[in-house]
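J.: What follows is each chain in one-letter form.
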Amino acid sequence: MNLEQTGVASSEHLNGRLPSEEQKMRGPYAVIECFEEIPCNPCVMSCAFKAILPFADINDLPFVDFDRCTGCAVCARICPGLAIFIVDESKDGEWGTIRLPYEYWPLPAEGERVMALARDGRPLGPAAVSAVLAGGRDKTPLVTLAVKKDRLQDVRGLRFLTAEEAAGRYDETGMPLDIDTSEEATIVCRCEGVTLAEIRALIAAGHHTVDEIKHHSRAGMGPCQGRTCRQIIMSELIRAGAADVDHLDPGSFRPPGGTVTLGQLAEGGLDETNR
Amino acid sequence: MKRTADAVIIGGGISGLSIAVHLAQKGVRNIVILEKRFPGSGATGRCGAGIRMQWGVELNCLLSKFSVDYFEHINDILKNDVDVEFWQGGYLIGAKTKEEAAQFKANVSLQNRLGIDSVYLSAKEAGDMMPHLDTSKIKAATFCGRDGHLNPFRTVQAFARAAADLGIDIEKYTTVTDIFSESGRVTGVRTDKGDILAPVVVNAAGGWAKAVADLAGVELPVYSRRHQILVTEPVEPLQSAMFMGFAWNIYIQQVPHGPFIMGRGDTSEPTDLRMTSSWQFLEQMSQTVMTLMPSLSRLKVIRQWAGLYNMTADAQPIYAETPELQGFYLACGFSGHGFMLAPATGQLMSQLILGETPDIDISSLHIDRFKGETPLPQESSVV
Amino acid sequence: MNQVPLLIIGAGPAGLSAAYRAAEAGADVLLLERSGKAGGQLVKQTHKFFGSEKQFASTRGIHIADRLTSRLEQLPGRVTLLTDATVLGIYEDGVVTADISGTVQKFRPSAVIVATGAYEKTLAFPGNDLPGVYGAGAVQTLMNEYGILPGRRVLMVGAGNIGLIVSYQLMQAGVHVAAVIDAADRIGGYLVHASKIARAGVPLLMRHTVVAAGGSEEVERAVIAEIDEQWQVKPDTKRTLDVDLICVAVGLSPLADLLYQAGAVSRYIAPLGGHVPLRDASMMTTLDGVYLAGDVAGIEEASSAMVEGELAGLAAARRLGFEGGDTSGLISACLAELRQLRAGPAGGKIRTGLALAGVYA
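Taken in order, these protein sequences are the chains called A, B and C.
Going by the numbering used here, the first sequence opens with residue 1442, and the numbers climb by one from there.
Going by the numbering used here, the second sequence opens with residue 60, and the numbers climb by one from there.
Going by the numbering used here, the third sequence opens with residue 23, and the numbers climb by one from there.
Keep in mind the hints are simulated off the structure, nothing from the lab.
Covered by chain A, per the in silico footprint, the following chain B stretches (three or more residues, Cβ under 8 Å):
(1) 203 to 216
(2) 361 to 370
Within a straight-line C-alpha distance of at most 25 Å, the following computed DSS-like cross-link-like pairs (lysine-lysine) qualify:
(3) K59(C) to K359(B)
(4) K183(B) to K198(B)
(5) K1491(A) to K76(C)
(6) K183(B) to K164(B)
The beta carbon of each residue, even a glycine, is placed where N, CA and C say it ideally should be.
Can you make the complete structure from the sequences, with help from the hints?
T.: Structure (structure tokens):
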């Protein structure tokens, strides 16, 4: 399982993202866990110390110059992806801190014990909240946890200790499958109550356009004008090999674009200035 | 696709389907229907699908009476169980003026003489029948309880199913590009999917009848003009009869599953093949409804569309073999009544093609009537 | 009949941006918005946006809506914004009809920009008509506009940006997300969004589909399963989730009904979200004088919707004879900005789609 399937980064992703042992000792620093080239650059633009390497292209990945980074956390508060964490392991002893972007309500209180979470949400053990920086209008709140130095690169989230177990809630064992999973129980057009079974039967009978299926089943004739069923019918046509994707006919579209009463329409035409 | 056929029908609307089915039931084996989209995709699937026997000229009364009789027994005749939703709630036709009321009185006696049990009603009697109708707007009305409306899609399906059972070949998405002839006889057609040789070719192309006739070099005195319809959201049953008013240019019905459908044409519009919708129609139709049925004011319109009327000068159809091209038959110019006349069209055209004596004398509906001497009485009862 | 120089339909990010640029160039603009307030989908977005400063990156969507709307006030008298204004039709004679707070009005614009956004695709599965099966847009509307919690335990179907963002918003509202599933073999949305919810313990399950929704009166459970390479359910992988909410976030499609009713030519281009109206580089459709911008031109991000809006606004203004300021320069800047936004790997899909539509060199 990798990042693209689970959203969970591994230690390999951190290669080149962490400072040297010497740089770690100087003070707090930013760890940017942004591993995908997307058009986004606020971190670079926000850094007063030019500690995030300049982009040639807005899609570039951010890398930190740890000789410049002061761990000020401006980038962590601005990152839309909540992907920046501020680590401080410069103090003597076995404890360090990590500042985590946290957008849930309520914020934990200083001194409160919370559960530290790994990248996959696994509980890593209780941790103390050493500081809380509230959010601003577009600024992300940061919660600082005291964490043993050897877990600083593992902790990336937190939750209240009293919260229900968030992980693995799904029941793999035993609810009875007493659900009707037939095509007859699958509604395609809600306005006219047309089922998947009817649509598939019409396609099998040689009706290979949206309009033909509409004429036969009334799918798409209701007040929503095919907003729900048109796409599904087209997918069914493609799936059955009954329509060519490159020449797919979406069928007719008819005004008015919203429902309007006869009274409104009549009145609209009476106003002379409206002619 | 077949390379030869005994008969080629151009147009897979209700008329073409009915002609093909009637021919097959009379024993013609090798019939091809050519349809440029799919059955019912033209005017048939766009029409109000009403049927009435209340007409002002005798022939229209007879043709539509034939069709009502047919639709009442359609499943027995076509040997299938497709529910065409034939709702015989009657047609209530309102007269706006005294003159029109007088004409209606005459129409009713004509209709009664022909075995159609229509009645002449006072405005009050009409109001008892249709409480949401503002009877102060009408002088009188007529009503025939065997009139009504069908579901056009289901009716097409009933004919198409019968056609399939009878071995008729329906070629969808096939466009006729030429019509062949040899020394005054039709010999076949060219389509975008190949040629078919056939001694009989029927033009049942509805709005496109003139363009099809042009392919055969036949001058057709018809033109097309769009008529528009709107449909509302479904509501509880309120109106059983179709209401029609020539003076207001309206027909309005509530179909069995709840929506109201109402339509009209506009004679000031250009005659062409456009099937676009206009805001003017929505506005004018709504104003007419507010005049006649103000309590419908909060009914929501969900959709509008248009279809083509193929018009003749006297608003009556053309049933004929073309004089200049033997074997090339015309079933067109229905002037908005092709759906309701379809059973008669099938029966009479098949009799014409097979050299039988038609059940109803349709010699007056020959194309030659437009050349002068014997014009038909104008049918004024058209929306 | 109201004569208007430029009519813009939809006051989302694209429409608001179009109005701003066109008015700035000198055109009088009537901006019609169906809902009760301007901002489009932005008003439901509590998360911060990506992009660059020009597209308000790192600003929460709802605040971007405020900024785009208040920016119009800098151009007094030029832009008339009407809310509760639903356009009913763009007719063959160029007349546009609209239901404006219950009154039908008619307009004869010299140019039109359609910025109607998108609609949600849905899925056919048994039980999909049970109350408790929602589109992601509805969930966002309930939660973020109306303050109504749509459920307590949710199955999210779709791991694109919308599925990920709405999962996160549900979690912020205290809803337990049982799983985020997707039929694709990898997460479709931005990975930083995925990581955000993964670190809260929510399983993201790729190559999974919803088999059925169950419940007597409303959703009481969902059945999910793995699918194989042929997209068929692996029978022994079915399992039941205890949820009362199934949120369907399987993608958007351009909402171009008005344009199609008016006869605009479209083509099915899967990377753009389905059928999409064809257009030229100036954002004009196949209908003369009718432009489009934003998701209706192909499903993309709000950032590019804003730039497309600016482009369409400038092009429409130029057509009307307004070249105020540096229209050509601004148009070039918009094109360069769009190129930038679409340059990276995340822009691959849109580049492919636009190339198929013939508008991306």
